[in-house]
Amino acid sequence: MDIKKWASIFLTTVALYTASGVQELKAQTWEKLVFTMQELDAIPAAKLSPEQLQVVTLDQINKIRFSYDKAPLQIDTTLSKIAQDYANKQIFGHTPEDLKTRLENEWYIYLYASENLSDLSHAASATIPLAIQWQEESALHKKNLLNEKAWYVGMGFCEGILVVIFTNK
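So in the working numbering, the last spot in the sequence shown is 170, and the numbers never skip.
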């Protein structure tokens with residue numbers, strides 16, 4: 002295993018285990034993850050459990066951030082709930098005002114917020130690494146992925162819609 006891959010996995014693990022509000026996720030994740038990260042990366046997004054989805058998405062985002070010398074993000078379970086609620090609505094579109102309203106409706110206090118959406122519904126075999134790669138190839142989405150103002154991330158997935166919210170408290 003090369004040093005960059007090892008460092009990325011290490012940073013993701015540290016971020017996951019030091020994030021506030023993920024105590025219940027910690028216990029569930031290691032019990033349910035009987036796959037290696039390579040195996041998880043190859044599983045279509047629609048077949049991942051919510052815990053696996055969070056681990057794979059966080060890993061992919063932090064790999065990209067690492068390659069650009071950006072600090073890793075941490076999972077925020079409240080953000081993941083907000084992202085999941087939006088994914089469940091099956092709305093593929095958003096504005097900064099929409100995100101602001103959704104965060105404020107949940108009494109989520111933040112200094113910075115942005116959001117990336119990916120529509121994987123047209124490709125049943127689409128994986129999270131592919132979705133994050135598509136985001137990296139888009140200038141606006143890449144800006145959100147790499148923004149130094151972001152410290153936390155939450156994600157949700159339903160029927161092919163991947164919602165990723167970035168914030169700073």
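For the record, the hints were derived by calculation from the structure and aren't laboratory data. Hints are not guaranteed to be accurate.
[Said to hold, decoys possible] Below, a list of computed lysine-lysine pairs in the DSSO-like style, where the Cα atoms sit at most 30 Å apart: (1) Lys170 - Lys90; (2) Lys71 - Lys170; (3) Lys82 - Lys170; (4) Lys144 - Lys48; (5) Lys150 - Lys170; (6) Lys71 - Lys150; (7) Lys90 - Lys150; (8) Lys143 - Lys48.
* Asked: Among the hints numbered above, which are violated by the structure, and what are their numbers in rising order?
  -> When the structure is compared with the hints, none of them turns out to be violated.
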